Amino acid sequence: MAAPVYPAWVTRWVSGQWRQKKRPPVIRPTRPLVLADKVANRREQAGEATCITEMSVMMACWKQNEFSDTACAEEIRTFYDCVAKAEKERRAQNEEDTLTARGNLTSSKVNKLLRRFPQLTRYV
Amino acid sequence: MAAPSVAGLGRRLRAWLPRLTQVRWSRYNPSFIEPEVNKELYRKPQEELSEEEKEKLELKAVQPIKAAPPSVSSSVFSDPMISKFTNMMMKDGNKVLARSLMAQTLEAIKRKQLEKYHKAPEDEKETIECNPYVIFHQALKNCQPIIGLSSITKGGKTYQVPVPLKDNRKRFLAMKWLITECRENKNRRMLMPEKLSQELLQAFNNEGPIIKKKHVLHKMAEANRAYAHFRWW
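Sequence lines, in order, name chains F and P.
Using UniProt numbering, the first residue of the first sequence is number 1, and each one after it goes up by one.
Using UniProt numbering, the first residue of the second sequence is number 1, and each one after it goes up by one.
Simulated from the structure, these hints should not be mistaken for laboratory data.
These figures come from a predicted structure and were not determined experimentally.
A couple of the hints might just be wrong.
[As the list claims (entries may be wrong)] A few chain P residues that face chain F, going by a derived Cβ cut-off under 7 Å, partial list only: (1) Gln-104; (2) Pro-164; (3) His-215; (4) His-218.
[Claimed, not checked] Computed footprint of chain F on chain P; a stretch qualifies when at least three of its residues, placed anywhere within it, have a C-beta under 8 Å from a C-beta of chain F: (5) 121-131; (6) 219-228.
No residue lacks a Cβ here, since even glycine has one placed at the ideal position from N, Cα and C.
Chain F with its partners taken away, still in its complex shape (with noise of 0.2 Å):
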């Protein structure tokens, strides 16, 4: 007769190989395995102040001329035409289906889309 050949547990099993910490995980789930409609928040890259030279340039011009706005209606012209550009900038970004620079999105868009195609937890 030739050497049995035993199948590959029994093998395992002989050389003592479950009886240390090499046993095969047993995990009891608390909770049905079951994904849930959203994801953690996750916290964004901080943005940078924006339009601070002109406010500075502003701020300037209002202290030589004692904080009068018809003297110094150039530099808060500037000033508001740079905040609006701002926030339309703002706003193209933070529009719904853009990538970041990584190429994800954020957690609030995320969770927008699951909140629309939730998982279905009933037989239908």
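Assemble chain P onto chain F, guided by the hints.
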């Protein structure tokens, strides 16, 4: 089929019971469009309309339209800024009183300006502005702050950071300052229209306590300009 859950029953019961407080959101179907109150658009003859306007008119014939709220009107005398100011002056829903006060204020401004006009020499008569609506708008524009301060907490400490304001916020602040100034710093016997007309004329000439308050805000923003980098928007 699963039996109806207790939570579902509770939710359905709560939806059926009437609300105790009013809702502040609108309950129109999203397909409803806003009403067009501007009469000029309807007076235009058919030929002058551009393609997109013709399309819009055709669409309006079939789509449902929301009811126009009582605050908007298509009259030439209605002004949205004046309506907003009247609403802010109103107390306990007494719109009749607020509107009459506003009318008396505009009348008082007109009277004062006419008095000045008739007393002034010939060459100065053109510089005096008599239209109370123009004075109101210009005074409000002069009272609007350009940057505001916002409290930002960083590292446990709160700083007052200079921040650009939105248009709505500027208008609101100007109107709020005007109304609080007139309510608090006046003689007990002086009536509101007189005090308001006084403040509006002072603001029109870039003087007075509200302009001073605006300057104080600007000075504080200028003093705190080092913290401007704490903003993240």
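Verification of the hints:
1. Because the smallest distance between the Cβ of Gln-104/P and any Cβ of chain F comes to about 30 Å, over 7 Å, the interface hint for this residue is violated.
2. At its closest, the beta carbon of Pro-164/P sits 4 Å from a beta carbon of chain F; the interface hint therefore holds under the 7 Å criterion.
3. At a threshold of 7 Å, the smallest CB-CB gap from His-215/P to chain F is about 5 Å, leaving the interface hint in force.
4. Taking 7 Å as the C-beta contact cut-off toward chain F, the hint placing His-218/P at the interface holds, the least distance being around 5 Å.
5. Restraint check on the region 121-131 of chain P versus chain F: 0 residues with Cβ-Cβ distances below 8 Å, three needed, restraint violated.
6. Under the rule that three or more residues need a Cβ within less than 8 Å of chain F, the assignment of the region 219-228 of chain P holds, with 5 such residues.
Comparing the model with each numbered hint stated earlier shows that hints 1 and 5 do not hold.
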